[in-house]
Amino acid sequence: MKVLGVGFGRSGTMSLKAALEELGAGPCLHMIDLIRNNELIAPWHDAAIEGDVDFDRMFAGFESTIDWPGCSYWRELIEHYPDTPVLLNYREFDGWYKSVKNTIVAVREASQKAELKPDANRPAPPPELWQVIGTLIYERDFQGKFEDEEWMRDMYYARIEEIKATVPAERLTLFKLEDQPGWAPIADMLGVEAPQTEFPHLHDTDEFRAEFGLPALA
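Everything in the sequence shown is counted per my numbering, starting at 490 for the first residue and increasing by one.
Note that these hints are calculated values from the structure, not bench results. Incorrect hints may appear among the rest.
Keeping only pairs whose Cα atoms sit at most 27 Å apart, straight-line, the calculated BS3-like set for lysine-lysine is [claimed, not checked]:
1) K491 with K606
2) K602 with K634
3) K590 with K634
4) K653 with K634
5) K634 with K665
6) K587 with K491
7) K590 with K606
8) K602 with K587
9) K491 with K590
10) K653 with K602
11) K665 with K653
12) K602 with K590
13) K590 with K665
14) K491 with K602
15) K491 with K665
Using the sequences provided together with the hints, build the complete structure.
Structure, rendered in structure tokens:
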């Protein structure tokens, strides 16, 4: 593995996936890969539901990871890949919480109410994927307390500080969205030259919702 992205999803992860792949650290596994290619779900389902954690299977064909499901295993990953650089992507809580509520939570609720509108180009996610999402995100990471905003706030910032305290500074690269760091920190981490092109900006809230057939927010 070339990069371990350990920050939560809805923290610039699609943009970072594109950036990592452009800089030679791809393919980069992101939850969107499981959504678009259901053949990738099985090893993650085995890990989340059965406790059969096999990183060779879970990351087969990939050179890096960002977003869920990988970030749920950040502690295990930094030990399993002791020489791999760690990327902590994050943003301020209020913007993150709102984004999660309008995307992941909204899509999950629509699915539970059978309100998603699949078509030939956008099939409905299979039950196994929702089981992975429910187990890793809602139970493992959020501990079933997403609606408790203050608990989530405390957990969110405590997790960031735990990662900073656990991963040696020389191994850790910080990427805070509000600072708009661009290519430089990632290029430095990988030891490559930063491109002169604009840094990717992908998968905002409305783009995420459109992926599942939900309307854009006003």
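Outcome of the hint check:
| no. | hint | result |
| --- | --- | --- |
| 1 | K491 with K606 | violated (37 Å) |
| 2 | K602 with K634 | holds (20 Å) |
| 3 | K590 with K634 | holds (13 Å) |
| 4 | K653 with K634 | holds (24 Å) |
| 5 | K634 with K665 | holds (25 Å) |
| 6 | K587 with K491 | violated (31 Å) |
| 7 | K590 with K606 | holds (19 Å) |
| 8 | K602 with K587 | holds (21 Å) |
| 9 | K491 with K590 | violated (31 Å) |
| 10 | K653 with K602 | violated (39 Å) |
| 11 | K665 with K653 | holds (13 Å) |
| 12 | K602 with K590 | holds (16 Å) |
| 13 | K590 with K665 | holds (20 Å) |
| 14 | K491 with K602 | violated (40 Å) |
| 15 | K491 with K665 | holds (20 Å) |
Hints 1, 6, 9, 10, 14, counting from the list given before, are not met by this structure.
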